[in-house]
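Please model the complete structure; the sequences and the hints are all you need to start from.
Chains A and B, in that order, are what the protein sequence lines are.
For what it's worth, the working numbering labels the leading residue of the first sequence as -12, then goes sequentially.
For what it's worth, the working numbering labels the leading residue of the second sequence as -12, then goes sequentially.
If you are wondering where the hints come from, they were derived from the structure by calculation, not from laboratory data.
Where hints are given, some of them may not hold.
Because identical chains cannot be distinguished in the list, a pair is counted as satisfied if it fits within a single copy or across any two copies.
[Stated by the list, open to error] Cut-off 20 Å, straight-line C-alpha distance, at most; resulting in silico cross-link-like pairs (EDC-like, lysine to aspartate or glutamate): (1) Lys162 / Glu30; (2) Lys39 / Glu323; (3) Lys275 / Glu15; (4) Lys143 / Glu260; (5) Lys162 / Glu335; (6) Lys275 / Glu260; (7) Lys194 / Glu76; (8) Lys87 / Glu70; (9) Lys194 / Glu73; (10) Lys319 / Asp62; (11) Lys143 / Asp255; (12) Lys143 / Glu70; (13) Lys143 / Glu223; (14) Lys39 / Asp57; (15) Lys299 / Glu328; (16) Lys143 / Asp27; (17) Lys25 / Asp(-1); (18) Lys279 / Asp255; (19) Lys86 / Glu338.
On a predicted model such as this, the values are computed, not experimentally measured, just so you know.
2 protein chains.
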Amino acid sequence: MTRIAVDAMGGDHAPYEIIAGAVWAAQEYGVALELVGKQDKIEQILEKINNKGFRSDEGKGGKKNIIRVDVNSLDIKITHASEVIEMGEHPGQAIRKKKKASIVLAVNAVATGSSDALVAAGSTGAAMASSLFGLGRIPGIDRPAIAATLPTNTTKPIVIIDAGANSSCSPSMLKQFALMGMTFARDVLGIKNPRIGVLNIGEEAGKGNELAQNTYKLLEEYQGNMNFVGNIEGREIFMNVCDVVVCDGFVGNVALKIVEGTALMLFDMIRNEFHRNIITKLVGLMAKPIFKSLYQKINYEEFGGALLLGVKGITVISHGRSKAYAIKRAVKVAKEAFESEINKTIAESVES
Amino acid sequence: MTRIAVDAMGGDHAPYEIIAGAVWAAQEYGVALELVGKQDKIEQILEKINNKGFRSDEGKGGKKNIIRVDVNSLDIKITHASEVIEMGEHPGQAIRKKKKASIVLAVNAVATGSSDALVAAGSTGAAMASSLFGLGRIPGIDRPAIAATLPTNTTKPIVIIDAGANSSCSPSMLKQFALMGMTFARDVLGIKNPRIGVLNIGEEAGKGNELAQNTYKLLEEYQGNMNFVGNIEGREIFMNVCDVVVCDGFVGNVALKIVEGTALMLFDMIRNEFHRNIITKLVGLMAKPIFKSLYQKINYEEFGGALLLGVKGITVISHGRSKAYAIKRAVKVAKEAFESEINKTIAESVES
Chain A
-12 MTRIAVDAMG GDHAPYEIIA GAVWAAQEYG VALELVGKQD KIEQILEKIN
38 NKGFRSDEGK GGKKNIIRVD VNSLDIKITH ASEVIEMGEH PGQAIRKKKK
88 ASIVLAVNAV ATGSSDALVA AGSTGAAMAS SLFGLGRIPG IDRPAIAATL
138 PTNTTKPIVI IDAGANSSCS PSMLKQFALM GMTFARDVLG IKNPRIGVLN
188 IGEEAGKGNE LAQNTYKLLE EYQGNMNFVG NIEGREIFMN VCDVVVCDGF
238 VGNVALKIVE GTALMLFDMI RNEFHRNIIT KLVGLMAKPI FKSLYQKINY
288 EEFGGALLLG VKGITVISHG RSKAYAIKRA VKVAKEAFES EINKTIAESV
338 ES
Chain B
-12 MTRIAVDAMG GDHAPYEIIA GAVWAAQEYG VALELVGKQD KIEQILEKIN
38 NKGFRSDEGK GGKKNIIRVD VNSLDIKITH ASEVIEMGEH PGQAIRKKKK
88 ASIVLAVNAV ATGSSDALVA AGSTGAAMAS SLFGLGRIPG IDRPAIAATL
138 PTNTTKPIVI IDAGANSSCS PSMLKQFALM GMTFARDVLG IKNPRIGVLN
188 IGEEAGKGNE LAQNTYKLLE EYQGNMNFVG NIEGREIFMN VCDVVVCDGF
238 VGNVALKIVE GTALMLFDMI RNEFHRNIIT KLVGLMAKPI FKSLYQKINY
288 EEFGGALLLG VKGITVISHG RSKAYAIKRA VKVAKEAFES EINKTIAESV
338 ES
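Dropping the structure here:
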C-alpha cells in the first residue's frame, strides 16, 4: 500500500484540518499514512475524529456535512516532530537550524523509504528547501520546479511550470521544465501527447524577452521529442491551445496569483451586483446553486496542490489556506504521482 | 479647442468604427479632429454617418442603438495617408519604409503641432515605434512605457506600467515608470497621492528576481518623493492596496492578458452553467441585466486605451478590437491627458 507522509503541522488550519484531510484520503483512496508532527496533539485529534467525525464544507460553496472516518481501521504511523517552521522564517536557515521540524522529518520519511510521497501545506520555501536538501535532484535536472494545475473550461486542467521555485531561469532550465511538465501532464493527469507552449507576449518566434526567445529556439530544435506548439499569450492560457505552459518561476507565480485575484474580484463584483435591490437579491438566491457548482469547478482545493518536480521523491505543496478537502485531494495527487513512477520517466527522458 | 489626431486606418474594425467613434467623441466631448487615412474613404464614411448615423452597442452587453452625429457642425480636418501598416509587419522596418502610412502621418500631426494628441488602434509596435521616432523622448526618460488601466472593485481603476513596451528593464527604468505612472494616476485619473507598488512574488523586501529586488531598494530610497507601498503580489492587484503597479513590460503584458483571459473564461463558464437545463436557463434570463451591468464595468472599452508615456506628445494606444465606443473613450483619454499637461509634469519630476 502506498504510504503518504503528511506534515501535520504546516498550514493555516494545521494540525486539525490537515489530519482530517489525511485520514479522509486514507479511507477514500486506500493509502497508508505517516503523520509527522507533535505526537500527543496528533493522537488527540485522531481520537476525536474517530469518535465524532469532522465537519467539512468540501470547498466553499459545497454542502457542509459530517465526515465519518474509522480511524482505527487505517494504517497510520505517527512520527514525532518537536519543532515547526513558521511562515515568516528564512527557509534555508530554518531547515538547517530546526532539524526536528515536521517538514524536515516528513521529507526524511520519504528519503529513507519509510513513506512514498509527501504532502505539505506549510511554508512553500521550507518545503522546497527541505525536499531539495533531503531528497536531492534527479540526475540531469539542474533545478527543481513547481508544476501548478489550473482548471479550464474543458475537462482537462492546464499545467504552469515553473509556478514559483526559480525567480531567474536560463533557457536550458526552461527546456527541462518543459520536459518535466510534459511527463506530469501525460503520466499523472492522463493527457495524451501534451501540447507545450512558452508563455510570451506575442505569437511570433522573435517576440518577448531574451529568455522567451531563446527558449522558443531550444524547444523548436527539440520538436521531435515534444509536442511544442510555440508561444502562448496570457489571454490564451484558458483557450485550450496548449496543456503545459512553460515560464520562469517569477512570471509563473505572478500569473498564477493574478488568475486567483481576477477570479476573486469577479465573484465579489457578481455578489455586489446581486445585492443591489430586492429583485436582484431574489434572482441571486435562485442563481446560487449555479454559482456553487461553478465555484466547485474552479476551486483550487479540487486539485489539492502543486507538485515539486525534479527532486528524487514526490512532494506535493498545498495552499497555505488548505482545509480537509484540499488535503484529501493533495494526498490523491501524491499517490497518483508516486504510482505513475513519474520520476523514473523524468530521469529517463533527461538522459535521452 | 483641443484637436485629436486619429489613425482612421488602424484596428480590426477600421476605418468605419474608428471614424464613428471619433466623431461621436468630437460631438460629446467638444474636441476637434484630424482624421488620418484614405481621404475618399474617410469622406464617404463621414457623409454616411452624417445622413444615417451609426449603430453602436456601447460595449457588448449594452443596448444597441443608433447614434446621430451632426458631422457638418464638427471641426474635422482630413489628412490623406496613402499607406497602412498591417498587424504582421515589423514595426521598425515598416515605419521606415512606409513614410505615408496613416500611423506615421498621425504621429507627424502631433509632432508638428497640427494636432494635440493621438489615438491609434492598429499595430501597437508601429504606434510605439512611430511615436518614439516622431515625437522623441522626454529629456531624462530612458524608455517610454505603456500605462494600462484596469477596472477594480472600487471606483478607482488600477494602473499597470509597463504593460508591454519594454521586454527587458533595469531598476532605474522601473523607477522612471513609477514616476510616470504616479503622474498619470494623479493628474489624469484624479487619484490623490497614488500608492505605488512593485509587482512581485512575495511581500518581503528580499523576495523575487534581481530586477524586483533592486527596484524595491531604489523606490525605498526615493520614498520621500513617492508614496511607495512595497511589493504587490498578483492576487492583491485588485484588492485596493495600491494604485500603480510597476513591472517590466514582459511581466506587465502577461499580467494584463491573463486578467483578460481569466475574465473571459469565467464568463464562458457562467454562460455554460446557465445553459444546463430549462430552470437554469430561466434564472439566467433573469440574471441577464445583472451581468450586462457587470460586463459594462469590466469592459476594456470603457477606458478606451493605454497611454504611451515618456514621449514628447500624447499617444493613446487602443485595443485592436476597438469599436466606436472604445474609440470614443480613447479620444476622451487623449484629451484629458493633453489638457492635464502630464508631459510637462513628468519632465519636471524627472529633473528634480
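Checked hints:
1. Lys162 / Glu30: This pair counts as neither: shortest intra-copy Cα distance 45 Å, inter-copy 54 Å.
2. Lys39 / Glu323: neither (30 Å within a copy, 65 Å between copies)
3. Lys275 / Glu15: neither (29 Å within a copy, 41 Å between copies)
4. Lys143 / Glu260: between (31 Å within a copy, 17 Å between copies)
5. Lys162 / Glu335: within (15 Å within a copy, 46 Å between copies)
6. Lys275 / Glu260: Answer is both; intra-copy 13 Å and inter-copy 11 Å each pass.
7. Lys194 / Glu76: Close across copies (13 Å), not inside one copy (39 Å); limit 20 Å.
8. Lys87 / Glu70: This pair counts as within: shortest intra-copy Cα distance 5 Å, inter-copy 72 Å.
9. Lys194 / Glu73: between (41 Å within a copy, 17 Å between copies)
10. Lys319 / Asp62: within (16 Å within a copy, 68 Å between copies)
11. Lys143 / Asp255: For Lys143 and Asp255, the Cα distance is within 20 Å only across copies (16 Å; inside one copy 26 Å).
12. Lys143 / Glu70: neither (39 Å within a copy, 45 Å between copies)
13. Lys143 / Glu223: Classified as within; 15 Å inside a copy, 27 Å across copies.
14. Lys39 / Asp57: Result: close within a single copy only, 10 Å intra versus 76 Å inter.
15. Lys299 / Glu328: within (11 Å within a copy, 60 Å between copies)
16. Lys143 / Asp27: neither (42 Å within a copy, 51 Å between copies)
17. Lys25 / Asp(-1): For Lys25 and Asp(-1), only the intra-copy Cα distance (16 Å) is at most 20 Å; the inter-copy one is 63 Å.
18. Lys279 / Asp255: both (14 Å within a copy, 16 Å between copies)
19. Lys86 / Glu338: Neither. Shortest intra-copy (34 Å) and inter-copy (54 Å) distances fail the 20 Å Cα cut-off.
Of the numbered hints stated above, those contradicted by the structure are hints 1, 2, 3, 12, 16, 19, listed in ascending order.
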